[in-house]
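Heads up: the sequence lines are chains F and L, in that order. So in the working numbering, spot 105 of the first sequence is number 191, and the numbers just go up one at a time. So in the working numbering, spot 341 of the second sequence is number 343, and the numbers just go up one at a time.
Misleading hints may appear alongside valid ones.
To be verified - In silico contact screen, one side only, chain L against chain F (beta carbon under 7 angstroms); selected entries:
#, residue
1, L25
2, V29
3, G188
4, G191
5, I286
6, I407
7, A415
8, Q438
9, A473
These aren't lab readings, by the way, just hints derived from the structure by calculation. Don't be surprised by glycine CBs; every beta carbon is placed ideally from N, CA and C.
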Amino acid sequence: MFDSLPILSIIAYTPLAGALVILLFMRKAGDVAVRNWATGVAFVDFLISVPLWWEFDRTAGGPGNAEDLFQFRESASWIPSIGVNYEFGVDGISVLLILLTTVLGVLAFLSSWSAIGTRQKEYYVFLLLLQTGMIGVFCALDFFLFYVFWEVMLVPMYFLIGIWGGPRRLYAAIKFFLYTLVGSVLMLLGILALYFFNQDGLLGWEGLGNDATFSILKFHEIGSQMPADLQFWVFLSFFVGFAIKVPMFPFHTWLPDAHVEAPTAGSVILAGVLLKMGTYGFLRFSLPILPDATHELLPMMIGLSLIGIVYGALVAMAQKDMKKLVAYSSVSHLGFVMLGMFALNPAGLNGSILQQINHGLSTGALFLLVGIVYERRHTRMIAEYGGISQKMPAYATYFLIITMASIGLPTLNGFIGEFTILVGAFNRSWVWAAIGALGIVLGAAYMLWMFQRVFFGPLDNPENEGLEDVNGREIAYLLPLVILCFWIGLYPKPFFEFLEKPVNYIVAKVDADYAAAFAAAEELPTADPQGDVLAGAGE
Amino acid sequence: MEGFDAANFQYLGPEILLASSGLALLVWCTIGREEGKNRVSVMWAFISLIAAAFYATYIHADAAKPESILAGSFVLDGFAWVWKIVILVATAITVLLSQRFVEDSNYRPGEFYALLMYAATGMMFMVGGFNLIAIWIGLELMALSSYVLAGYFKQELKSNEAALKYFVLGALSSGIMLYGMSLLYGGTGSVRLDEIAAASPSGEPGYLISIGWVMMAVGLLFKVAAVPFHVWTPDVYVGAPTPITAFLAVASKTASFAILVRIFYQGIPGLAEDWQMVVATVAIVTMVWGNLAALTQTNVKRLLAYSSIAHAGYVLVGVLAINEIGMWAIVYYLLAYSFITLGTFGTVILLERKDYAGETCDDYAGLAGRSPFLAAMMLVFMLALTGIPPTGGFVGKFYLFAAAIEAGWTWVAVIGVLMSAVSLYYYFRIVVYMYQKDETESTPKPLREPVLQGAILICFLLTMALGLYPAPFIEFAKAAMLPLP
Numbered sequence: 087m088f089d090s091l092p093i094l095s096i097i098a099y100t101p102l103a104g105a106l107v108i109l110l111f112m113r114k115a116g117d118v119a120v121r122n123w124a125t126g127v128a129f130v131d132f133l134i135s136v137p138l139w140w141e142f143d144r145t146a147g148g149p150g151n152a153e154d155l156f157q158f159r160e161s162a163s164w165i166p167s168i169g170v171n172y173e174f175g176v177d178g179i180s181v182l183l184i185l186l187t188t189v190l191g192v193l194a195f196l197s198s199w200s201a202i203g204t205r206q207k208e209y210y211v212f213l214l215l216l217q218t219g220m221i222g223v224f225c226a227l228d229f230f231l232f233y234v235f236w237e238v239m240l241v242p243m244y245f246l247i248g249i250w251g252g253p254r255r256l257y258a259a260i261k262f263f264l265y266t267l268v269g270s271v272l273m274l275l276g277i278l279a280l281y282f283f284n285q286d287g288l289l290g291w292e293g294l295g296n297d298a299t300f301s302i303l304k305f306h307e308i309g310s311q312m313p314a315d316l317q318f319w320v321f322l323s324f325f326v327g328f329a330i331k332v333p334m335f336p337f338h339t340w341l342p343d344a345h346v347e348a349p350t351a352g353s354v355i356l357a358g359v360l361l362k363m364g365t366y367g368f369l370r371f372s373l374p375i376l377p378d379a380t381h382e383l384l385p386m387m388i389g390l391s392l393i394g395i396v397y398g399a400l401v402a403m404a405q406k407d408m409k410k411l412v413a414y415s416s417v418s419h420l421g422f423v424m425l426g427m428f429a430l431n432p433a434g435l436n437g438s439i440l441q442q443i444n445h446g447l448s449t450g451a452l453f454l455l456v457g458i459v460y461e462r463r464h465t466r467m468i469a470e471y472g473g474i475s476q477k478m479p480a481y482a483t484y485f486l487i488i489t490m491a492s493i494g495l496p497t498l499n500g501f502i503g504e505f506t507i508l509v510g511a512f513n514r515s516w517v518w519a520a521i522g523a524l525g526i527v528l529g530a531a532y533m534l535w536m537f538q539r540v541f542f543g544p545l546d547n548p549e550n551e552g553l554e555d556v557n558g559r560e561i562a563y564l565l566p567l568v569i570l571c572f573w574i575g576l577y578p579k580p581f582f583e584f585l586e587k588p589v590n591y592i593v594a595k596v597d598a599d600y601a602a603a604f605a606a607a608e609e610l611p612t613a614d615p616q617g618d619v620l621a622g623a624g625e
Numbered sequence: 003m004e005g006f007d008a009a010n011f012q013y014l015g016p017e018i019l020l021a022s023s024g025l026a027l028l029v030w031c032t033i034g035r036e037e038g039k040n041r042v043s044v045m046w047a048f049i050s051l052i053a054a055a056f057y058a059t060y061i062h063a064d065a066a067k068p069e070s071i072l073a074g075s076f077v078l079d080g081f082a083w084v085w086k087i088v089i090l091v092a093t094a095i096t097v098l099l100s101q102r103f104v105e106d107s108n109y110r111p112g113e114f115y116a117l118l119m120y121a122a123t124g125m126m127f128m129v130g131g132f133n134l135i136a137i138w139i140g141l142e143l144m145a146l147s148s149y150v151l152a153g154y155f156k157q158e159l160k161s162n163e164a165a166l167k168y169f170v171l172g173a174l175s176s177g178i179m180l181y182g183m184s185l186l187y188g189g190t191g192s193v194r195l196d197e198i199a200a201a202s203p204s205g206e207p208g209y210l211i212s213i214g215w216v217m218m219a220v221g222l223l224f225k226v227a228a229v230p231f232h233v234w235t236p237d238v239y240v241g242a243p244t245p246i247t248a249f250l251a252v253a254s255k256t257a258s259f260a261i262l263v264r265i266f267y268q269g270i271p272g273l274a275e276d277w278q279m280v281v282a283t284v285a286i287v288t289m290v291w292g293n294l295a296a297l298t299q300t301n302v303k304r305l306l307a308y309s310s311i312a313h314a315g316y317v318l319v320g321v322l323a324i325n326e327i328g329m330w331a332i333v334y335y336l337l338a339y340s341f342i343t344l345g346t347f348g349t350v351i352l353l354e355r356k357d358y359a360g361e362t363c364d365d366y367a368g369l370a371g372r373s374p375f376l377a378a379m380m381l382v383f384m385l386a387l388t389g390i391p392p393t394g395g396f397v398g399k400f401y402l403f404a405a406a407i408e409a410g411w412t413w414v415a416v417i418g419v420l421m422s423a424v425s426l427y428y429y430f431r432i433v434v435y436m437y438q439k440d441e442t443e444s445t446p447k448p449l450r451e452p453v454l455q456g457a458i459l460i461c462f463l464l465t466m467a468l469g470l471y472p473a474p475f476i477e478f479a480k481a482a483m484l485p486l487p
């Protein structure tokens, strides 16, 4: 069944179709109807995406074999004169990120029911459009198409922050948009450089003389043939685009503003999915296409990641606003993700990708949790709270579990991710691992300190007397996240299964020794035809 | 060289049709009662323009047509055809935008539409012209009609100011251009572009030719409103009746770009290295200054004036690239820009009132609540002007910068993309007002004008089509290929 249906397009465009229905056919409908419809669409979209989990062949593909690695392929000609195709396809990384998007999507919709009181119709339209944009980014296998989704996504996010955000929403929204736009337009020039290199060359660099294409897989093939100095410039242009999105130090300044001003659902999606676009970009483009430049700029990347880890943690510690604290913790956690990625070995990459999922789950949950008390008390200042575990015991339990997940307590997801990243980093240099570990310690410090100040101690603020514990709907969107955190913490094997082949593929692209070793190991037992393919691609 | 053959006048059919239809309209409007004349005039002008477009296509499809006619004064190549279509469609949409405006004014409708048609005729002569005199006469026909149209509200001070400024500066630039042409003639001994190209040596062209083409370039850059020849633009755009502003920003600019490309590519291809430097410098200055000056504007028409300056800068990037992608890019970009800009000005017209009221950003406050569809279309236009996918503006910019990178002008492309990121800030000022501010008692309600709303909807649909399904439009743009220098 799955072979015949364009399943990725269905997943990507279901939210768009839902939004169009609201725009065209629900003009007179009440807010509740729109809300239910939109949430229903998001839920249906989630249901459609679930079969990816078992229909996706986790054992296919591997180093040098992109054709089997990327599955559920869809292809159609779009702009033939410059070789742009409409091309969709996913590997294990994309599948996990798409599932993360659809899960967090449903929860974000549920959390908006009480948080959004004005202009609900527009709100849900923008939220649905955002889903389409994000899923499209993870599906696209054509660089032009990727760029289209990458930018389309900015517009609804701008409005989510800019209309339903906090007092400084105008500033935060345009700052978010401008920052990311500057990064993306520079990335576009890098894409064009790749494109012309694949054909007739540019600026004195001789081209390869291939047909015009924006196919990402084609770029994977030809990337390593690029001269190192051209790779360097293309890497820098991608770096600006992706590093702003991640965000890496020193491009992170838009993030606290955007997070603090965004409504809860906006923060959840921003932290949960949007930031992963940057890391995904590095994984999908910078590493496999530009191996030489990756090695050349490794010191800078690692340096910025380590600074991000420690700086983010230290700044988080000084925050008085819970949301801002979580925002800066994201900077620190994403530094971790980047550290694992640029360890450039399988362990580091596995951990890095799993940690992206973990961060999406736990930080998404933290924003949801902060949103719950904010709706009741309309403040996020830590000092306003204290001792509220007496009034909200169930809430405190959820918060504690997620806090523990965030700081990496064993049996919870954060531990698995951080541990694997540290293994990968240690393989390269113990100094990296040591500084990374310092980040974990600091992370525990600021999270636990916040938890203590908010939940324990005397209940001395009279306004907190009337706080009500979590209700059914809130449990409905918290519980899935908690379950997922435990699942990854106790039994991460299926997740790593998804990652094994894509990670091997990427590492083989970026590390020639690994590719050679891999090819040799594959060839030894039987001289099957696939072995030749691997050996041929390992150059 | 083929001689003068009167039978070849048939190939000027579209121009003759349009000019005579304009004359007939003018006469008809002076006799009889005034009532209902506006409505008929709109239809008259609209149908004539569309008919001329079909006629031009018919001639283009005629395989037996000569390459050039009337002793080489005009050519019938794909380049001329493509630009004629763009100009005629843009003018036809302008006519639709004008209906309410002329109805509300106390002036006769006939002159207004007739002048629009003459201007369009002049532009058609320009883009089909192959000798400097034919081009210049076409340009003057366009310019003289535009001066009158800019001052159409003869009792409004601002309109007078606009017309006078436009006229004085325009006449000056036309004079400079004509002098340049005469020097070029002196240097090469011909007014025909192909003969000029053959006679002007590359490398050391000599004073006459050098000064000649530079002066000609000044005149052309004035018409496309490139910095530093842009100073007339903001005042004229604000003072002119809004449909005319749209017309100047779209049709006039498009036609001027067409002959700029024609003269540079076919007239002085041997001097490409020289004029590339000039165009590169002007392009950068134009992109930077246009965008930066727009940042502080609060009057929407003035903001759009600076934005149109900036867009001229982007198109110049395509001109200087001199490659295939660059050629399509110029056509594609101007096509997209035309529809986007016409749609934007259509929205401005729906909101403005007499005496230049309703033209500031404040008047857009809360538009999303009052009329969500209009606001949504305006949002798309603003995204398209910024160059955000999936709109036609993005694809156009993509081509332009791709052309620049292929040609090795990477640093110009870097400035271009950064400046288009900057432009987000001022385009989104309008969006901020529409979506993020609440309306006040004084904010105007958009008019209900089916014709105008229909025109905006057409522009919106074309903007999206250019972004989502560019293939057929690219085929169209490809027809305009000129031999590259």
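Cross-check of the supplied hints:
1. L25: Nearest chain F Cβ about 42 angstroms off; hint violated.
2. V29: For L:V29, the interface hint is violated, since the closest Cβ of chain F sits about 47 angstroms away, which is over 7 angstroms.
3. G188: 39 angstroms, violated
4. G191: 39 angstroms, violated
5. I286: 16 angstroms, violated
6. I407: 5 angstroms, holds
7. A415: Interface hint status for L:A415: holds (6 angstroms vs cutoff 7 angstroms).
8. Q438: 5 angstroms, holds
9. A473: Since the shortest Cβ distance to chain F is 6 angstroms, the answer is holds.
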